[in-house]
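> Residues per chain, in single letters:
There are 2 protein chains.
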Amino acid sequence: MDQQILPVAPEKSYRLLNHGPTVLVSARFGGVDNVMAAAWACALDFAPPKLTVVLDKSAKTRDLIEKRGRFAIQVPTVAQADLTHRVGHLSLADTPDKLARAGVELFGIEGHDLPFVAGCSAWLACRLRPEPGNQAVYDLFIGDIVGAWADGRVFRDGHWRFETADPRLRSLHYVAGGHFYAIGEPVIVPDESDDV
Amino acid sequence: MDQQILPVAPEKSYRLLNHGPTVLVSARFGGVDNVMAAAWACALDFAPPKLTVVLDKSAKTRDLIEKRGRFAIQVPTVAQADLTHRVGHLSLADTPDKLARAGVELFGIEGHDLPFVAGCSAWLACRLRPEPGNQAVYDLFIGDIVGAWADGRVFRDGHWRFETADPRLRSLHYVAGGHFYAIGEPVIVPDESDDV
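Protein sequences appear in the order of chains X and L.
Throughout the first sequence, residue numbering follows the numbering used here, covering 1 to 196 in sequence.
Throughout the second sequence, residue numbering follows the numbering used here, covering 1 to 196 in sequence.
Isolated chain X (complex conformation):
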């Protein structure tokens, strides 16, 4: 694999989520690792960078996050569509070998004791910002982004490079019932923000 995992500057880390991809959420606690899919993840702030993610009360990964206070968000690729759908529908509660059955391979990043999913295009290490009201009422979790990395083949110098990368590295955007869309072609408009 010629993947090259490069750090992303904190002030650019929102760009990994800005285009609205479906993500994988992972967490580790008490010797248990789990991974789930989430379509409802969103950037929340530029600096310090923050994000939101909606985690259903039935999700085992949510339980791990609440206990550990840390989690990872990663951007899966078209090549991982089946994996993404499987981790979104299998539950560790009744499928102890969920990760193996979904084809998930985990890896580590130094300084962050979290289960990162191999083969993704970007990874965000997050620290849970305890907001008991939001968590209980809305299933809404807020994380401070404390580390960010991307696959240099598809995100470098602060920008996604989907148009020149292998199409299997494009991000996934879930609708329902196993139907995703891949991200498509660039649309560039003159950036007149300083002129008008």
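Hints may contain errors.
[To be verified] Some but not every residue of chain L turned toward chain X, in silico, with C-beta under 8 Å: (1) Asn18; (2) His173; (3) Tyr174.
Calculated from the structure, these hints are not laboratory results.
Virtual Cβ for every residue (Gly too), placed ideally from N, Cα, C.
Guided by the hints, dock chain L onto chain X, whose structure is given.
Below, chain L alone, put in the same frame as chain X:
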């Protein structure tokens, strides 16, 4: 224009945002209409349907929403990339003719006194759920979706039809500096959620 605006069932309304498009936020108060762009909007719940949107304190539209307690979220198209970028960078505060300069045409939907943006692919009428803490600390606004409609050419029977519609109707996914991606091609995996 052969656009046909069809109602979307409340329980399917999350699908209008599920794939993570950049949206337009609009509001009306005291005889003033405004429209802004937001990349940070996200579904929050299926039923009753809710969404989140991040609105900077400098945004005039935010002020209208806080006063009125209602707003609209709409999904702009590739054909509206320039419009979307302009409403995202011009401010009503120093550009009183912002909407005209951005090429925004507004229309009404019966029963909802809100400024809806013509030419979009989907529209959501929202009632603000007052959450002063989230609004003040995180610029995070929660809305109950009280009405949903879509352009039948590109969303019908509860599903986006980007692959068969005019490519100019595809959704926009903003990155930065005038760079968007259009949504791309479908990726379909077997939906085994009931089997495995």
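> All hints, please: hold or fail.
Verification of the supplied hints:
For Asn18/L, the shortest C-beta to C-beta distance to chain X is roughly 5 Å, which falls under 8 Å, so the interface hint holds. Taking 8 Å as the C-beta cut-off, the interface hint given for His173/L holds, the closest approach to chain X being about 4 Å. Here the hint on Tyr174/L is kept, as its CB sits about 6 Å from the closest CB of chain X, short of 8 Å.
In this structure, none of the earlier numbered hints is contradicted; all agree with it.
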